[in-house]
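Number of protein chains: 2
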Amino acid sequence: MPDDTKISRKEFVKKATLTGVGVSVAPFSIVQAKNNQKVRIGFIGVGLRGTSHVEGLAERPDVEIPALCDIRRDNALQAQKIVEEAGLPSPELYTQGETDYKRMLSRDDLDGVIIATPWLWHVPMAVEAMKTGKYVGLEVPAATTIDGCWDLVKTSEATGMPCMLLENACYFRNILAVLNMVREGVFGEMIHARCGYNHDLVSNNVLMTEGGDFGPGTGAESNWRTRHHINRNGDLYPTHGIGPVAHWMDINRGNCFKTITSTATKSRILHDEIVERGGHNHPKADIEFKQSDLVTSTITTANGESIIVTFSTTLPQVHDQDYRCQGTRGIWQIGNNSIYLKGVNAYDEWEPFDKYQEKYDSILWKKEGENASGESHGGIDYFVRKAFVESIKKNTTPPIDVYDAAAWSSIIPLSEESAAQGGHPVEFPDFTDGKWMTNERIFATR
Amino acid sequence: MPDDTKISRKEFVKKATLTGVGVSVAPFSIVQAKNNQKVRIGFIGVGLRGTSHVEGLAERPDVEIPALCDIRRDNALQAQKIVEEAGLPSPELYTQGETDYKRMLSRDDLDGVIIATPWLWHVPMAVEAMKTGKYVGLEVPAATTIDGCWDLVKTSEATGMPCMLLENACYFRNILAVLNMVREGVFGEMIHARCGYNHDLVSNNVLMTEGGDFGPGTGAESNWRTRHHINRNGDLYPTHGIGPVAHWMDINRGNCFKTITSTATKSRILHDEIVERGGHNHPKADIEFKQSDLVTSTITTANGESIIVTFSTTLPQVHDQDYRCQGTRGIWQIGNNSIYLKGVNAYDEWEPFDKYQEKYDSILWKKEGENASGESHGGIDYFVRKAFVESIKKNTTPPIDVYDAAAWSSIIPLSEESAAQGGHPVEFPDFTDGKWMTNERIFATR
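If you're matching them up, the sequences are chains A and B in order.
Position one of the first sequence corresponds to residue 1 (the UniProt record's numbering), numbered consecutively onward.
Position one of the second sequence corresponds to residue 1 (the UniProt record's numbering), numbered consecutively onward.
If you are wondering where the hints come from, they were derived from the structure by calculation, not from laboratory data.
Here the structure is a predicted model, which is why all the values come from computation and not from measurement.
Certain hints may be false.
Same chains, same label: a pair holds when it works inside one copy or across any pair of copies.
[As the list claims (entries may be wrong)] With a straight-line cut-off of 30 angstroms between C-alpha atoms, the simulated DSS-like cross-links for lysine-lysine are:
no.	residue 1	residue 2
1	284	359
2	258	290
3	393	435
4	154	386
5	435	266
6	131	367
7	366	81
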């Protein structure tokens, strides 16, 4: 790992001062953390997702959880109990409304903070956390606007505090094996990839209740998530798909996204489902949802590859993140979990991936697969949490950094812009300011 | 079938006269054909593809093959032998160079003609055939330019002679079962489809010889097809993919293509393969192929659906036409040949398609599947040939008509235009002049 990814307090203060960012300078506690090998992590948002992270981190011997914040006291109490039952000191709770997270962030005994709140809170909370000297672990997507992406990048640069996107999909066992193969040149030169997030969140009552309702008080995600479908129309959730692909293609490390074209279909499901569940007189039956049922995007890269990204969380379908990795020497796809390699496989014949999975298995999974697989999402959450904790302990740039967070999340607003213009290509901002040309790989290299 | 799809000699002559198209008015022989129930079909191009059609038609009791044309006399002799061995009168051969097809078309004893020549010959030959009063069966793609598409449409309208695109993929057994399901509303309202032509034509020496050569005299398709990869860059072969989808979506019959955005990757395989096979001093090693290794397109429709179309004939991969049919109630995809229907299948669980294949099996396959499956391409060629012959016998518009031929083939030049502009959306011409709004379905309805 190059030295310049280290974070020093000196650099942090210097940058914060030079750029004039309003920083509440908190005692920089990472050095202490390194000494006692316990990192102290606070949580903003302990709903379904945050609680899952609490459970995972409470089991780690190198983590303490001194503080928990949630606007719902029930959530906080439940998470507190989990921490206590793990034998850790009971965390202090911050449940006094929407801005109580700021009070928590003003503590000087937190090394890092995990943010797992509704999307629109991600940027202000992460920005505040960095300004108070916390190492940030941010749930996906990092931001939903280009300004939000820039805010994260600029604040991280100004404060010297890292912001890791907690993109668990990057740690799928097959995704990591394919990454090893890409890096060893098994697929030749990269040409194309596919990915997406196609997951029916209607039938399982995530986006609406059984009665067809959504909005505040209706459910964990229907509380806030469905609202985005009224006013937006784009790929609202791109990072589970694009994260793995970005690593295959060395995005921000020798390569970068160039343009995106996005196409939106008509919008049917949410309206029809409300009527089906609640009748034409349902109070939400006359809402016109702007979000289409399926958004398809094509991204181009500086190195001449293309990427198809799909998004649908309303259509009835089998959950499919649709990964495909294609190069000049072969192809792997998740659909049949099979591979075809030139000169290896008989013409036009797929080979099951199993043999390659074993041969190119990630060191992470080889070492800790058994421990990991008992944890949430089949183990990938274990690895993303571990990466976060280890980055704090080692005082390094996280393997999925603020530039990745910005580039991947920027697909949301860029896809909206393109779709609104009938698929007109839109250029990606360069959040790295040219450093994508010289940045070294940091994901899954150590 | 509506009466206005009938072709009358009166109408034919009237149209030809009114529009002033230069027509060599040939005796209109279709009425005679109907009486003796033998249709007389000539062939232009009896290479691999044309010969396959000769074999198939020679077996039909309702077909005679009085004439064969090919610039290679060997091809013509071989096809002649096939006809003779089927017990039919020996066809006259036209092998005196590139324009000898005109001499064949001047005959007055041909009801129809099948054209299976290199792509650039399709339009001039089909136009001449229609002008001489022949019912045209045209191999795919119909044309490679927008002007070519219009030439076919205008000539067909002026002469009253139909031009059927011989798109065999429309007759796949699963494609037709899915079509029945779409028409019965099993998938709800159509939202999305995928299709493509991804077929490694390099490894099997179609696009170049074992020594890395191509061009005149090198092979059946490397003779002419590879040349397109030097100067063009688009989806060069869209109809196998889009044909089935067009029927699912009623394109030109209540719906139409609106826009296309196309994205081209870098170009590697052809150059690298030439060098790999013939070394850096190979005479073709310094050719810069403009055609990228993969072109992905997204098409929008008047009814608000989107279609992803992919094209690659150079990358090492397993042949994949990548069909997917997705509506508001469910999805079918060819990758795992499985289906998911809302309210039928357990959440997030695919069901194998077999049961549906049986239930919604096309009447064509039910009746004649056994006969058909012995023929080329697993039987689909039997059905496309039968449709052509039956259309002539019944004196009707063919099930895949000149407007379909134009719309589907126009993807080639439109994708080139879009890709050249970095994915800028390009509008489809309306070859039907608005009649797509009122046209009735004709494919697989009788």
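Hints, verified against the model:
For the identical chains of this complex, residue 284 and residue 359 are neighbours neither inside a copy (53 angstroms) nor across copies (38 angstroms), given an alpha-carbon limit of 30 angstroms. In this homomeric assembly, residue 258 and residue 290 come within 30 angstroms of each other (Cα to Cα) both inside a single copy, at 27 angstroms, and across copies, at 20 angstroms. Within a single copy, residue 393 and residue 435 get their C-alpha atoms as close as 25 angstroms, which meets the 30 angstroms cut-off; across copies the closest is 69 angstroms, which misses it. Taking the shortest Cα distances, residue 154 and residue 386 sit within 30 angstroms of each other inside one copy (26 angstroms), while across copies they are farther apart (67 angstroms).
In this assembly of identical chains, residue 435 and residue 266 lie within 30 angstroms of each other by CA distance solely across copies; the values are 23 angstroms between and 39 angstroms within a copy. Proximity of residue 131 to residue 367 under the C-alpha cut-off of 30 angstroms is found in neither arrangement, the shortest distances being 36 angstroms within a copy and 74 angstroms between copies. Neither within a single protomer nor between protomers do residue 366 and residue 81 lie at most 30 angstroms apart by alpha-carbon distance, with minima of 33 angstroms and 64 angstroms respectively.
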